[in-house]
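Line by line, the protein sequences give chains A and B.
Counting in our numbering, the first sequence runs from 390 upward without gaps.
Counting in our numbering, the second sequence runs from 3 upward without gaps.
Simulated from the structure, these hints should not be mistaken for laboratory data.
Just so you know, these numbers come straight off a predicted model, no measurement behind them.
Some hints here could point you the wrong way.
[To be verified] To give a feel for the contact side, a few chain B residues facing chain A, derived at Cβ under 7 Å:
{"id": "1", "residue": "Pro16"}
{"id": "2", "residue": "His17"}
{"id": "3", "residue": "Ala21"}
{"id": "4", "residue": "Ala335"}
{"id": "5", "residue": "Leu349"}
{"id": "6", "residue": "Lys366"}
[Said to hold, decoys possible] Non-contacting residues of chain A with respect to chain B, defined by C-beta distances greater than 12 Å in every case (computed):
{"id": "7", "residue": "Asp416"}
{"id": "8", "residue": "Leu451"}
{"id": "9", "residue": "Glu506"}
{"id": "10", "residue": "Glu563"}
{"id": "11", "residue": "Ala609"}
{"id": "12", "residue": "Lys613"}
{"id": "13", "residue": "Leu747"}
{"id": "14", "residue": "Cys772"}
{"id": "15", "residue": "Ala860"}
{"id": "16", "residue": "Ala864"}
{"id": "17", "residue": "Ala878"}
Just so you know, even glycine gets a beta-carbon here, dropped at the ideal spot from N, CA and C.
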Amino acid sequence: MGLMERIFGHGPRWGVHPADRKRPAADAPLRTLPLPARLYLPLLQHVGQPARPVVLVGQKVLKGQLLAEPQGRISAPIHAPTSGTVAAIGDITAPHPSGLPFSAITLASDGEDRAIENEVPADPFALSPAAVTELVAAAGVVGLGGATFPSAVKLALGKRTEVTTLIVNGGECEPYLSCDDRVMRDFAAGVVDGVRLMMHALGAREALVGIEDNKPEAIAAMSKAAAPYAEIRIRPVPSRYPMGSDRQLIQTLTGKEVPSDCRAADVGVIVNNVNTAHAVHRALRQGEPLIRRIVTVNGGAVWQPGNIMAPVGTLASDLLAFAGLKSEPARLLMGGPMMGAVLPHALVPMVKGTAGILALAADEIATPVAGPCIRCGNCTRACPIGLLPLEMAAHIRVDALAGAADLGLSDCISCGCCAYVCPAHIPLVQYFSHAKGELWAQERSKLRLEATKRLAAARVERQEREAKEKAAAAARRKAERAAQKAAEAAAAASAPTEAAT
Amino acid sequence: MNSTLLAAAPPTAPHAVAANSVSRIMLTVVATLVPATLYGFWLYGWPAIDLFLVTILASLLGEGICLRLAGRRALPELLDGSALLTGWRLAISLPPWAPWWIGVMGGLFATVLAKQVFGGLGQNLFNPAMVARVFLLISFPVQMTAWVAPLPITAELAPGFVDGLRIFFSGPANLDAVSSASLLGYAKTELSRGIDLMHSLAASGAPGNSLAGERPGSLGETAALLIAGGGLVMLFMRIITWHIPAAMLAGIAVPAAIAHAVDPLRYLDVATHLLSGGAMLGAFFIASDYVTSPNTKAGQLIFGAGCGFLTYVIRTWGGYPEGVAFAVLLMNALTPVIDRYVRPRILGRNRRGAPLDPAIERAKAAP
Ligand code: SF4
Ligand code: SF4
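So that you can see chain B by itself, here it is in the shape it has in the complex (with noise of 0.2 Å):
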């Protein structure tokens, strides 16, 4: 229908709206994460700071670029604060140490290709930042699984303002005397040499894993906690609803449970799963997120739980150490499918559509 026409009509009802907007939706959703991020850059320090104002700041530009070569004007939409979400979600999904470029590129690559080439926002199939971030794995597998041990910004050895721009742009000069593999690589390494978990975890080399997320990873992965924490604000806030995460945690948790109880010297057990990688940050940040994920609550259920699932096995068989980001972007090529054959029943009739037989209504005896 023709929009002009639309324009042209008089006002119609609602005549009142509740007091959201897009940009509120998104910038609330950044407010959750702000705890998380800083608290991985006071664990990686300035590299990291470095690496996330260029990724969101390459996002931004990229949008930008997109808008006005569409002829739109850029500045009110780039406002509603998706671009700077999807920025910062792959900010804090890339290893806090890597090079400017990649953040640059895949901040690039996440809105001009995965979501304003689709026809911007709400038309992306796949989630943006998670293109990004599997198109970098792929491209650069050495950078992007180059992790770094936390080296609080206050510590004596930690990199200082200068020092951060140097590894920034030239890379660490010593990369393997920094580096450090995370508790899911470091385990599938042990396991694929023929080492066991119990001596692997045992092993005085074996990467941490406190729950205040002091170990090896992205700033989004590290503090899953708080990342936990600003999930709960979010659903407290009523910008998602439990159905993707609580099904997303679940997906990881039952599969990993039988697989530990069976046994325990091959599989990690459940915290460990849950903790560590993208879990986290995942179920509440990234399959949570509203374009690329089944609009029914039947429909996040089981879009969240394939997630899950999709995670463990490919945490647990696969060739990568972790696997959220692969398992989202396989339940986003679902989603259309889910969509489709999920719906809610309508009021009056049954799940096929059909109306209802009034005599079995009229039978009903009052609750």
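The following block holds chain A by itself, in its conformation from the complex (with noise of 0.2 Å):
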């Protein structure tokens, strides 16, 4: 990097670098982990509603058999990674750092790994966009780069707003992650393939494929695998942290900003991980529902750290066990290290959204002591939103979450860059977890409130409305009866009248 680089910067104005540490995890060939002997795989795996249990304890199922359906628009199925007996329908540890029970399916293997016959379509290119859609849905695909939206839902955006481009995330910006990396250089041809099937099922032009250019072994498979289809494009893109959040790889392969209010759709784009592309394929090509992935287990604690393909609801332990580990580790995360949870124990299964389990020694975790905030502005230089997390957090500091909501505190992507730099190491990320958690507290609480006011008001208009009524009945009635009466009256008083003509 030359002198004036230095100084006056270049590549993105936006983000971090941390050392990426993925090698040699990266260069290990893909292993294949063993059965395991029991599955844990939670009802919810994605985003949206959790999946229905259509299976009963004790009933045998085959690999791929449908266990758990989807409810509701968005949500996804459940399939069995392998054959065996349902052993248990209820609570485990669920992948997520609060350690809370979570509703989920096990499965005892039986070691025979048998498969239910799924039918491909001959030609997928031949059916409709639709079908293709509906196929990827049976087959329980969601993101699988993180976010696990459910692919079909997705997909299925293309049919009410116009996408031209679908953006396929290759950048795996998170330290330590190969996953993506690896199914690249692996699987391309299937990467690719499962590229234009979903350009089919989206109705889109083109594909661009952003791969960070410290993956040049991924940038060259990918290529030679694209080199057939003009409309595929391999786009190398900077190193840098989050350039695989979506807002930020669509700026930079496509130049168009993410409204903020708008869904990436809105622009005409969809993006897309790779491993899900990969997905899509096998979906349908194989008629192998999401059953398994890639998941790269990395860290200073990991024996022999490199990827594994090992089935969706693979205790943590497991996987552990298989690569080994020379030291005990002093932080188990799920996900990478600038946004990844932190694991209470390893009796926490993988889930279909999991890239990576670290193991972490001691001097690869950060537990400074955070200091007052000497107003370096280091983390509004790094955030790739633009806002001023210094400003966000002194707001939230006192409370005053509403001027942190000012701020753009639901701008926020939590990608770490802040608290990344911060040389006072003050918890960034966790005040706005924090502030965020408060404030959607507060608005559903206000939306209630809402809710219980129309209610009240309601029924006060109602009482109102049924008491006038009452009322006019009641004054109708004496009016007929008023009105009776002066009518009999007017007849006796004829009637004597009557006797005396």
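Using the supplied hints, reconstruct the complex from the two chains, each of which is provided in its own coordinate frame.
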């Protein structure tokens, strides 16, 4: 890097450049995990409604058989990763730092790995886009980059709004992780096929595959596999965290900025991860639902770090035992070090969205003591969204949540760049998560209050109306009675006259 | 939000942090000041060294006492280096042969009244070193404008260690013999006497303005090139960004160039302005102080340009020959205003904070 570049900066103006620590794990050949004895499949492994079990305890199931069906508009089914018996349906520890129990199906493997026969369309490109989307939905494919949004719901957006560009995310900007790198190196043809299938489902004209330039092998493999297809372009992007974030990648590749209240589809773009593309390929070409994935097992405490093809539902402890531990991990993470969540212990299953299990040694984790903000502005320069983390934190510290919201708190993507660069080691992301949670709760209680008020008002109105109606009816009856009486009186009065005449 | 709540929560992302810390930043800044300071020691000898040490000790003492009074453990916070840096900044902006009590008062004033009273690190509105310097200048104008001509420590006439201490505690035996005006002060006085620059600068008694900095001034002022070099190192190490220094130097240079072009007999040229007084020190080491400058790039450009322009205005038309300290303090006062109105644009929103129009973004062609 030249002196001028060093002083005036180069490449993207946002983000950070953490040590990527991807190699040697990324270069180790992909290994396949021997079938674990038990798999634990949470019913909620995706954004949206949890799936509903369609099997009973004790039931024998085949590999690929439906275990739980989607409920609601945004949901995804869950399939058996191997053949065996449903051992339990109930609570297990969730892959979440809270360690709260989570509803899951426990599957005891029978070791035979017998698969169900799934029909595969002869030529998926002959199918209508809607039919392809159907098949993707039935295979339970969700976004494997970590967002776990049901892929079919995303593909269906192509019907509602015109999507011209499919962006394929091979950025993989989180340090330590290399499962995207590996899928592109080892299954480039499958990834490209999945990209074409998704383009077909979306009606997209072009696909841009963004790959960070720290993965030359993946770029080479993908370029070769995509060479026959002019509509798919492999686009190396600078290695910069968080390049793999949708908005950043879209802006880097297309120059478009997704308006803050819109989805990417509103500007004609859809982003999907390379592993998702491969899952779509497997679903349509091999009839294999999403029951396994590549997961990176890495970190200073791991003996043989690398990528492992493992069934969904495998316990982190099984993965760690397979890769071996050379020391007691100081911290276990699911996901990367920038955004990943701490695991309370290793008896937690990996889910569809798990890109990595990290066992970090003590010298790899940050435990510095927070000091006062020195207003160095590092956080502001690093924020990829253009927020002022120090100002937001100052507001949150004194519980001025509205002030933090005015500064754009809701636009924060929790990427952690600000906390990463803060020399005072202020846990900025923790502040923001806390405030977002509070604001969300306030919003909810406000909505509830409003709903209650509306109901109360409606009741008062109804009561008033009823009272009025009652009064009106009473008045009417009274009037009628009065009229009757008057008529009777008149009749009575006229009678004597008559009699008199 | 409650800090015990934060401490009890499980560790959250990010789990990695950049290898950086407050003390690393402060000590790097100090390290980049070392060459200029050592050069100043050589130029001004033992009295300057004594003053420097006493000023820094007084700053540290003031900080330590305040931390103890606040019931905090003083040592770890003293080690963050910020008090050292404040003392250093002040020390190198004092007249090198100023008496001991100037250093003591200045150092204590900087950390106690200008920093800790505001709430400590990160809370002060004004640059503590400059507050202290201006306080001293206003209270003790004689001592604070008594500059001496450089007398390298190796020179025969230079005071030795013992003489240095005597000068430090009781002042030079014959101040007039060693005193000298700084170039800016000299030019100003001569102009006010009706002598234009062409004649005054050519006169034999005019203070030199060599690039090497052998001219009267404070430790941090004479070695303009060493200061600028230290500043470049800070830029290279990304301790500071170019915005404030560049804007401040431009803020001085542009009006100086215009005025000099219009009337070279009344207005000093650009090089003189940039190389004399505290221009370089101010641009790289004073104005760029994090705490008291805006935290956005655009805000920093405005701030820097303001510091530079005000410096020029004070130097040229104000009552003092040098204006860096006043200019920086004035702009410090404006920093909250700048920070309030100059904010970065949020991604996906326009400058006013409203979401962008999706139709326009959709129509954008790929680059
Ligand atoms: S976590 Fe939020 S505030 Fe911090 S850098 Fe990321 S987007 Fe900006
Ligand atoms: S990076 Fe940390 S110390 Fe620097 S301004 Fe932001 S919050 Fe303050």
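Taking the hints in turn, this is what the structure says about them:
1. For the restraint placing Pro16 (chain B) at the interface with chain A, the shortest Cβ-Cβ distance is roughly 4 Å, inside the 7 Å limit, so the hint holds.
2. For the restraint placing His17 (chain B) at the interface with chain A, the shortest Cβ-Cβ distance is roughly 4 Å, inside the 7 Å limit, so the hint holds.
3. Interface hint at Ala21 (chain B): violated, since its Cβ lies 9 Å from the closest Cβ of chain A, which is beyond the 7 Å cut-off.
4. Look at Ala335 (chain B): its Cβ only gets to about 15 Å from chain A, farther than 7 Å, so that hint breaks.
5. Using the Cβ-Cβ criterion of 7 Å, the hint placing Leu349 (chain B) at the interface with chain A is satisfied: the shortest such distance is roughly 5 Å.
6. For Lys366 (chain B), the suggested interface contact is upheld, since its CB lies about 5 Å from the closest CB of chain A, less than 7 Å.
7. With 12 Å as the threshold on Cβ separation, the claim that Asp416 (chain A) sits away from chain B holds: the shortest Cβ distance comes to roughly 21 Å.
8. The beta carbon of Leu451 (chain A) sits about 39 Å from the closest Cβ of chain B, which is more than 12 Å, so the claim that it is off the interface holds.
9. For Glu506 (chain A), the non-interface assignment is confirmed: its Cβ lies about 43 Å from the closest Cβ of chain B, beyond the 12 Å cut-off.
10. With 12 Å as the threshold on Cβ separation, the claim that Glu563 (chain A) sits away from chain B is violated: the shortest Cβ distance comes to roughly 10 Å.
11. A cut-off of 12 Å between C-beta atoms confirms that Ala609 (chain A) is not in contact with chain B; the least separation is 23 Å.
12. Remark: the non-interface label on Lys613 (chain A) is consistent with the geometry, its nearest Cβ contact in chain B lying 23 Å away (cut-off 12 Å).
13. Not every beta carbon of chain B lies more than 12 Å from that of Leu747 (chain A), the smallest distance being close to 8 Å; the non-interface claim is violated.
14. The claim that Cys772 (chain A) lies off the interface is violated: its Cβ sits roughly 8 Å from the closest Cβ of chain B, which falls inside the 12 Å cut-off.
15. With a least CB separation of 51 Å from chain B, Ala860 (chain A) remains clear of the 12 Å interface cut-off, as annotated.
16. Separation of Ala864 (chain A) from chain B is adequate, the least Cβ-Cβ distance of about 56 Å exceeding the 12 Å criterion.
17. Distance to chain B confirms Ala878 (chain A) as a non-interface residue, since its nearest Cβ pair spans about 75 Å, more than 12 Å.
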